[in-house]
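Novice: Sequence:
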Amino acid sequence: MSKVVTKAEKLADAILESEEYKKMLKAEKVMDADKKASELVKKVEALQIKIDQNKSAEKFKKEMASLQKKMWENEKIKSFMQKQQSFSKLMAGVNKKISQKINPQAGNHDQFDEHQDNH
1 MSKVVTKAEK LADAILESEE YKKMLKAEKV MDADKKASEL VKKVEALQIK
51 IDQNKSAEKF KKEMASLQKK MWENEKIKSF MQKQQSFSKL MAGVNKKISQ
101 KINPQAGNHD QFDEHQDNH
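All residue numbers for the sequence shown refer to the UniProt record's numbering, where the first residue is 1 and numbers rise by one.
Bear in mind the hints are in silico, worked out from the structure with no lab data behind them. Hints are all accurate, no fakes.
Cross-link-like lysine-lysine pairs, in silico, DSSO-like; alpha carbons within 30 Å at most:
1) LYS96 - LYS3
2) LYS36 - LYS26
3) LYS36 - LYS23
4) LYS59 - LYS78
5) LYS23 - LYS78
6) LYS78 - LYS35
7) LYS29 - LYS10
8) LYS70 - LYS59
9) LYS70 - LYS50
10) LYS36 - LYS61
11) LYS43 - LYS78
12) LYS101 - LYS23
13) LYS23 - LYS70
14) LYS69 - LYS50
Using the sequences and the hints, build the whole thing.
Specialist: So, in structure tokens, the structure goes:
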């Protein structure tokens, strides 16, 4: 088992050294340094908690839609979200490769298979 843990640590180091991770961290720092952007993110996070606690609250959902629109209009937040999405794709690819290696038959039916056509 120690060999598995050692390889996991090496994988973690490779992820931390990846361009996707570095770009995401840099964009996050830029976003956090911007008072307007960080306040908007905090508002969205607080509102998400309210929505999660009261799923039928249309008022909160409309407010969330408005805040999300403002987030996409803020270049620093938008940049961070795009970098975060790229990093998420990297991590999904890593998870997929691990899963395929562990269970090769499951990989043949993967809906996200990179060789599949999306018609």
